[in-house]
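Novice: Okay, here's what each chain looks like letter by letter:
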Amino acid sequence: MHRIIFKESLAPGVTRYRVHAPDVARRRKPGQFVLLRLREEGERFPLTIVDSDSEEGSITLIVQEVGVSSALMARLNPGDAILDLLGPLGRPTKIRRHGDCVCVGGGIGVAPLYPIAAALTAAGNRVTGILGAREQRLLILEEEMRRVCADLHIATDDGSSGTRGLVSDLLRDRLRQGERYAFAAVIGPVPMMKAVCAVTKEAGIPTIVSLNPIMVDGTGMCGGCRVSVGGETRFACVDGPEFDGHRVDFDRLALRLKGYHHLRECALQALEPREAKAPQ
Amino acid sequence: MSGAPPTVRRPRPPRQPMPHQTAAARVTNFCEVALGLTPELAQAEAERCLLCRKPLCVEGCPVGIDIPGFIARMVKGDFEGAARTLREATDLPAVCGRVCPQETQCEKVCVVGRKGEPVAIGRLERFVGDWARTESSAPPPSLPMTRPERVAIVGSGPAGIAAAGELLRRGYRVTIFEALHEPGGVLMYGIPEFRLPKEIVRHEIQQLRRLGAEIRTNALVGQTVTVEELLGEGFGAVFLGTGAGLPILLGVPGEHLNGVYSANEFLIRINLMKAHDFPRHHTPVFVGRRVVVVGGGNTAMDAARVARRLGPEKVCVVYRRSRAEMPARAEEIAHGLEEGIEFFLLTAPVKLLDRGDGWVRGMECVRMELGEPDASGRRRPHPIAGSHFVLDAETVIVALGNNPNRIVPETAAGLDVTPRGTIEVDVDGATTKLGVFAGGDNVTGGATVILAMGAGKRAAAAMDEYLRGQRDGRAVAKATRVGIEEN
Chain S
1 MHRIIFKESL
11 APGVTRYRVH
21 APDVARRRKP
31 GQFVLLRLRE
41 EGERFPLTIV
51 DSDSEEGSIT
61 LIVQEVGVSS
71 ALMARLNPGD
81 AILDLLGPLG
91 RPTKIRRHGD
101 CVCVGGGIGV
111 APLYPIAAAL
121 TAAGNRVTGI
131 LGAREQRLLI
141 LEEEMRRVCA
151 DLHIATDDGS
161 SGTRGLVSDL
171 LRDRLRQGER
181 YAFAAVIGPV
191 PMMKAVCAVT
201 KEAGIPTIVS
211 LNPIMVDGTG
221 MCGGCRVSVG
231 GETRFACVDG
241 PEFDGHRVDF
251 DRLALRLKGY
261 HHLRECALQA
271 LEPREAKAPQ
Chain V
1 MSGAPPTVRR
11 PRPPRQPMPH
21 QTAAARVTNF
31 CEVALGLTPE
41 LAQAEAERCL
51 LCRKPLCVEG
61 CPVGIDIPGF
71 IARMVKGDFE
81 GAARTLREAT
91 DLPAVCGRVC
101 PQETQCEKVC
111 VVGRKGEPVA
121 IGRLERFVGD
131 WARTESSAPP
141 PSLPMTRPER
151 VAIVGSGPAG
161 IAAAGELLRR
171 GYRVTIFEAL
181 HEPGGVLMYG
191 IPEFRLPKEI
201 VRHEIQQLRR
211 LGAEIRTNAL
221 VGQTVTVEEL
231 LGEGFGAVFL
241 GTGAGLPILL
251 GVPGEHLNGV
261 YSANEFLIRI
271 NLMKAHDFPR
281 HHTPVFVGRR
291 VVVVGGGNTA
301 MDAARVARRL
311 GPEKVCVVYR
321 RSRAEMPARA
331 EEIAHGLEEG
341 IEFFLLTAPV
351 KLLDRGDGWV
361 RGMECVRMEL
371 GEPDASGRRR
381 PHPIAGSHFV
391 LDAETVIVAL
401 GNNPNRIVPE
411 TAAGLDVTPR
421 GTIEVDVDGA
431 TTKLGVFAGG
441 DNVTGGATVI
451 LAMGAGKRAA
461 AAMDEYLRGQ
471 RDGRAVAKAT
481 RVGIEEN
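Each protein sequence line maps, in turn, to chains S and V.
Note that this note's numbering has the first sequence beginning at 1, numbered continuously upward.
Note that this note's numbering has the second sequence beginning at 1, numbered continuously upward.
Where hints are given, some of them may not hold.
Straight-line distance between alpha carbons at most 25 Å, and here's what the computed DMTMM-like set of lysine to aspartate or glutamate pairs gives [to be verified]:
#1 K198(V) <-> E41(S)
#2 K194(S) <-> E179(S)
#3 K29(S) <-> D84(S)
#4 K258(S) <-> E394(V)
#5 K274(V) <-> E144(S)
#6 K351(V) <-> E394(V)
#7 K94(S) <-> E40(S)
#8 K76(V) <-> E32(V)
#9 K258(S) <-> E255(V)
#10 K194(S) <-> D357(V)
#11 K258(S) <-> D357(V)
Over the 10 Å line for every Cβ pair with chain S, so calculated as not near, a few chain V residues [what the hints assert, rightly or not]:
#12 P39
#13 L56
#14 R169
#15 E265
#16 A324
#17 H335
#18 S387
The set of hints was computed from the structure by calculation and includes no laboratory data.
In this text, a Cβ means the ideal position worked out from N, Cα and C, and glycines have one as well.
Between the sequences and the hints, there should be enough to build the whole structure, so can you do that?
Specialist: If you want it as structure tokens, here you go:
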């Protein structure tokens with residue numbers, strides 16, 4: 001049984017949990033994820049492990065409400081149990097000493113980015129963080145990122161925090177100003193990753209991205225999480241979730257992520273009325 | 001010459017018919033197609049057996065069931081005794097009675113079959129397995145834990161179940177590790193409900209628990225715990241029954257389009273996650289008006305027949321060779337035809353066509369002709385120039401078999417794999433790593449439930465010998481492997 005120990009809201013529709021999972025907490029490395037199932041009729045869905053505390057035997061998960069499973073997750077409270085939890089899955093981030101690194105995160109993508117930034121710093125790199133969100137109140141983990149980054153820059157679409165504009169533009173400006181990075185980690189919405197990778201490619205910065213395609217089993221069996229990397233088909237669950245950002249076909253990934261969007265409303269409406277109420 | 005009375009030969013009665021759901025009824029539900037013999041029909045069928053003293057059928061059975069033994073008890077009406085006889089050799093009679101290819105095993109060599117139809121051994125096995133589940137009052141045998149060692153079984157599919165059962169019978173403490181949330185392996189996620197009701201699989205798993213097996217779900221060996229750790233944590237030996245692995249995709253343009261599934265994904269969504277019951281179950285699946293399944297094996301038939309039950313106008317199977325080369329069981333092909341599935345034989349996919357928005361709209365195909373036999377002994381297909389045509393499809397399901405999963409070999413030092421990536425073993429299932437044994441699809445490539453069970457049982461015997469100090473804990477000589485190609 002994996003009980004929820006702690007729950008807090010980070011932003012509208014974004015919640016942080018600490019979940020009791022001592023075996024996962026002990027083993028997990030940055031970049032890895034868990035697969036959850038919340039009830040008998042529920043989906044299996046992946047979540048990146050944001051942090052772990054082996055003393056408490058807990059892992060930290062951050063969930064944004066987008067569909068039926070995340071809506072159900074939002075209704076869980078401390079003391080409630082997660083029915084099934086499998087992990088850690090996926091290949092850990094290859095943490096090496098590069099020198100100057102840049103970690104670029106957009107929206108909920110800052111959650112999986114944080115453990116990578118922390119590990120890069122711990123390995124002796126100088127890490128610059130660049131975070132983006134539509135507006136200030138949707139920005140998450142700013143304080144945590146500030147702690148693990150040598151310097152932190154923020155861009156919001158409306159200018160309510162940091163500079164007004166996109167993280168890709170912010171990064172390009174910094175490169176123009178003469179900043180140099182030996183390595184980049186980029187995680188966020190697909191258009192954001194695509195735009196940032198275009199900038200790092202032009203600047204010749206080796207770049208990893210972490211992908212979150214639709215998964216079912218998470219063990220390599222179904223192939224639903226296939227992505228095209230350098231023209232080859234790879235499975236995010238066992239070959240990833242991290243890939244060379246300069247070789248990922250982001251357009252295909254974006255289309256595959258939309259595969260079941262047309263059913264989302266139907267699934268949400270089918271939840272029991274009591275549960276379909278808005279959170280909080 | 002006049003002393004001997006003339007022998008009166010009673011004509012052998014024909015095979016008793018198996019009651020079935022009609023094709024029209026069954027395409028509207030997921031209930032079992034073959035309904036099972038009644039006790040009267042089963043007993044009449046049992047009476048057809050000659051009870052040969054040197055039974056060929058037993059040699060034809062990968063797990064060596066005493067077939068005349070259990071049938072003789074059925075003839076007397078002793079179903080309880082028949083069940084006991086089956087249990088001596090198999091943990092899954094109700095499963096194998098349904099999904100074994102008897103026509104190429106026990107029933108192929110049945111003497112009765114030389115003139116007329118062979119004894120319906122599979123159907124009798126199924127009857128006894130079902131009877132034991134639903135009617136028997138006998139408690140499961142209590143197996144004393146006579147051995148001090150613990151053994152780990154990785155994977156709860158047919159190979160793991162057979163190995164676990166055998167090791168429990170030999171007195172070991174058994175722990176089974178299963179990656180998914182529900183044990184049963186391919187019996188749960190792969191084979192559809194209408195061919196193998198999941199209630200039966202759950203019952204058989206429950207039996208293993210009653211015999212003393214501990215089952216840990218959500219445990220992916222290689223990721224959540226490694227083989228080394230299992231050996232270090234006090235497991236005396238480890239059996240790897242991890243199954244087939246990663247699906248082979250089409251390798252043609254368009255395989256990333258939405259609406260294109262591997263058979264594994266399509267079947268997992270429905271069999272394990274109950275996507276046909278969306279939105280009550282939350283996992284979705286998309287089945288358009290026209291469905292095309294690529295492949296000619298049992299998995300292709302399963303996928304096509306599952307799709308058929310989800311209400312499309314048309315389901316086609318595309319296979320690059322001819323009917324004679326199809327690896328699927330004749331019965332499954334026949335059931336598919338009855339259910340209105342169309343077959344495009346000697347046809348191969350060339351590319352998948354985009355509707356313009358990332359969804360598949362059709363498959364460009366080319367007609368094939370057969371040339372010389374290839375390594376598998378089947379005639380190699382060649383495309384016929386200028387024979388391209390388009391099959392419309394909003395859903396495409398690819399059933400071309402699997403490549404081995406690398407998670408365990410990559411995390412277990414000293415565990416050798418073949419150039420194909422399957423695990424290297426000797427004839428008894430010992431791997432190149434001390435104390436580690438393997439069997440089933442991770443060794444052979446895609447094969448059958450019963451072959452995996454046979455391998456699990458053989459490996460369990462070798463593990464017992466190893467733990468008693470009677471054999472080496474690693475492969476002594478490499479076995480000659482016969483790979484089974486699905487496409």
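Novice: Next step is simple, just say for each hint if it's right about the structure.
Specialist: Going down the list of hints, with the structure as the test:
1. K198(V) <-> E41(S): holds, 15 Å
2. K194(S) <-> E179(S): holds, 21 Å
3. K29(S) <-> D84(S): holds, 20 Å
4. K258(S) <-> E394(V): holds, 16 Å
5. K274(V) <-> E144(S): violated, 40 Å
6. K351(V) <-> E394(V): holds, 14 Å
7. K94(S) <-> E40(S): violated, 36 Å
8. K76(V) <-> E32(V): Given that 25 Å is the threshold and the Cα spacing comes to 28 Å, the pair is violated.
9. K258(S) <-> E255(V): Within the cut-off at roughly 16 Å; holds.
10. K194(S) <-> D357(V): Holds - the C-alpha atoms of D357(V) and K194(S) are around 19 Å apart, at most 25 Å.
11. K258(S) <-> D357(V): Given pair K258(S), D357(V) holds - Cα atoms ~10 Å apart, limit 25 Å.
12. P39: Holds: least Cβ distance 35 Å, greater than 10 Å.
13. L56: The assertion about L56(V) holds, with a minimum of 38 Å to chain S.
14. R169: holds, 30 Å
15. E265: At about 4 Å from chain S, E265(V) fails to clear the 10 Å cut-off, so the statement is violated.
16. A324: At roughly 29 Å from the nearest Cβ of chain S, A324(V) sits farther out than 10 Å, so the non-interface label holds.
17. H335: holds, 25 Å
18. S387: Non-interface label stands for S387(V): nearest chain S Cβ at 27 Å, farther than 10 Å.
Comparing the model with each numbered hint stated earlier shows that hints 5, 7, 8, 15 do not hold.
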